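*Asks:* Mind docking chain L with the ligands on chain X? Use the hints.
Chains X and L are the protein sequences, given in the same order. Heads up: the first sequence at position 227 corresponds to 227 in the numbering used here, and the numbers run straight through without jumps. Heads up: the second sequence at position 61 corresponds to 315 in the numbering used here, and the numbers run straight through without jumps.
Keep in mind that the hints were calculated from the coordinates and are not lab data. Just so you know, not all the hints are guaranteed correct.
[What the hints assert, rightly or not] DSS-like, lysine-lysine: derived pairs with alpha carbons at most 25 Å apart:
| # | chain 1 | residue 1 | chain 2 | residue 2 |
| --- | --- | --- | --- | --- |
| 1 | X | K247 | L | K266 |
| 2 | X | K148 | L | K325 |
| 3 | L | K266 | X | K148 |
| 4 | X | K247 | X | K176 |
For clarity, every value in this text was computed on a predicted model and none was experimentally measured.
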Amino acid sequence: MPLSKFKKTLSDYSIAVLILLVLWEAASMWLNKSYLPGPYLSFLTFGQELGRKLGPHLLVSTGRVVISLVTALIPAVLLGMVLGRVEKYDRIAAPLIYLTYPVPKIIFLPLVVTLMGLGNLSKIFLIWIIVFFQILVTARDAARQVNKSMVDSVLSLGAGEMQIYRHVIFPSCLPKILTALRISLGTAIAVLFFSETVANLGGYGGIGYYVMEAWARLEWNVMFAGIIAMGIMGFVLYLFLDWLEKKICPWEFL
Amino acid sequence: MLKIEDLEVTYKNKISFLALQGVSFTLEEGHTCAIIGPSGCGKSTLLYVLAGLLEHSGGQVLINGETVRPKRRETALILQDYGLLPWKTAQENTSLGLEIRGVPSEEKRALVEEAMQELGIWEFRDNYPAQLSGGQRQRVAIARSLTLKPDLFLMDEPFSSLDALTREGLQNTLLEFWQKRRASMVLVTHNIEEAVFLGQRILIFSGSPGRILHVIENKEMGEQGYRNQQLFYQRCSRVREVIEKGV
Ligand SMILES: Nc1ncnc2c1ncn2[C@@H]1O[C@H](COP(=O)(O)OP(=O)(O)OP(=O)(O)O)[C@@H](O)[C@H]1O
Ligand SMILES: [Mg+2]
Chain X
1 MPLSKFKKTL SDYSIAVLIL LVLWEAASMW LNKSYLPGPY LSFLTFGQEL GRKLGPHLLV
61 STGRVVISLV TALIPAVLLG MVLGRVEKYD RIAAPLIYLT YPVPKIIFLP LVVTLMGLGN
121 LSKIFLIWII VFFQILVTAR DAARQVNKSM VDSVLSLGAG EMQIYRHVIF PSCLPKILTA
181 LRISLGTAIA VLFFSETVAN LGGYGGIGYY VMEAWARLEW NVMFAGIIAM GIMGFVLYLF
241 LDWLEKKICP WEFL
Chain L
255 MLKIEDLEVT YKNKISFLAL QGVSFTLEEG HTCAIIGPSG CGKSTLLYVL AGLLEHSGGQ
315 VLINGETVRP KRRETALILQ DYGLLPWKTA QENTSLGLEI RGVPSEEKRA LVEEAMQELG
375 IWEFRDNYPA QLSGGQRQRV AIARSLTLKP DLFLMDEPFS SLDALTREGL QNTLLEFWQK
435 RRASMVLVTH NIEEAVFLGQ RILIFSGSPG RILHVIENKE MGEQGYRNQQ LFYQRCSRVR
495 EVIEKGV
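With the rest of the complex left out, here is chain X (with noise of 0.2 Å):
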């Protein structure tokens, strides 16, 4: 990106960032209750609150995420471009995606918490499933639309199999996965705040931990110090993902 589009991108964030304040403030001054801080004192606490224990909470978080984007990505890709392409997989694999995919996933928390426990493996399998449907159904149905003469053009070059999903398939489905995980990252965090919350084994046990803590001793501008971190993981991560596509999609924006 160069320097004048990014300080372009920079002006325009810091004036979202400003109004979002400015509504926070009033709306903090208007209500002048304690359970809502302004944001003055909310990033005040943040700030000193990150270097104690807000700081690896907040890694805890994020590596849960991490770890079941990665995790569930990659084989996710690639069964779905499978399904996507092989009919006779598909019409084994389809009926069995289109009844297990509507189901709210987090509604197996209590089963996913019995067996894995109250600390990471849980929730990271809650989120790596959520993320893994997300993506599969993306990539089979991305790698379904292909354009036929496409493949044939480069079949006739005389790729094999593995050349066509490297060349053609791929590619043509990598814009709308990214897509897809621009969208399942919302989703993610969501279903880890609530895993967090409810199951946990204490300690470092994660944002929605710390905010459910702050919340249960009524110290407003600490669970607010916790929200303001959420937010920020969540934005980073998907500016994140929005960085990616430009960079590996070069094609997607011209």
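*Replies:* For chain L with the ligands alone, coordinates are given in the frame of chain X:
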């Protein structure tokens, strides 16, 4: 040499569909033929069979005496659209065939530059297909097949989405090539002038099931200034007549 005898092609889906029946013709080494006929008469189907991408249900297809098979290295297929990959630059698209064949990168680069220079698209090598004009895109598709040094060119309406002037320019380019390299060429087209300009022999197809209705010899093809000769116009009228009246 391309030899097709009593070719029959059936699409087998829920209901099977006879797309071609009793198609026979030969194309001598280094000669060209143009195929023209109504939409849906099986022209693309025929090219797909020749390219080894579609199996035939009857008859024989021999290329240089061997039964047609997938991935014959010396056959090049050029389609109307979608031949280029949107995520590869012009140069990467041109390299694709060599890359698939595992040609070492030094050699690959040299061959690609040569082909792109020859077609006048080297300066656009870093453009993505979306940043090329329709004519430039087809030049890339042609350059890509040239890198593979084919002896048989199969083209399915390669210029039909181009405007008249660009189209004539590319027809001239193609003719020059053919005169230089003398590869065999099968060209499917909807355009009568194109068929007469580029086909030494013109096969007129009719549909349901597709078969050869009539063959017009056009030996004068490739003569200097053929496009403006009286004979050229006569041939065009003749082709039009056969298409319209069936005789
Ligand atoms: N995959 C397929 N399955 C079943 N029928 C097909 C298939 N592909 C083509 N056909 C049928 O075969 C016939 C010939 O199709 P083909 O694409 O070869 O026509 P064409 O002569 O190239 O037409 P156009 O000039 O419109 O490109 C058509 O009637 C078409 O409906
Ligand atoms: Mg066709």
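*Asks:* Does each hint hold? Answer for all of them.
*Replies:* A quick look at each hint next to the structure:
1. K247/X to K266/L: violated, 43 Å
2. K148/X to K325/L: The hint holds at about 17 Å.
3. K266/L to K148/X: holds, 17 Å
4. K247/X to K176/X: holds, 15 Å
Checked against the numbered hints given earlier, the structure breaks only hint 1 and satisfies all the rest.
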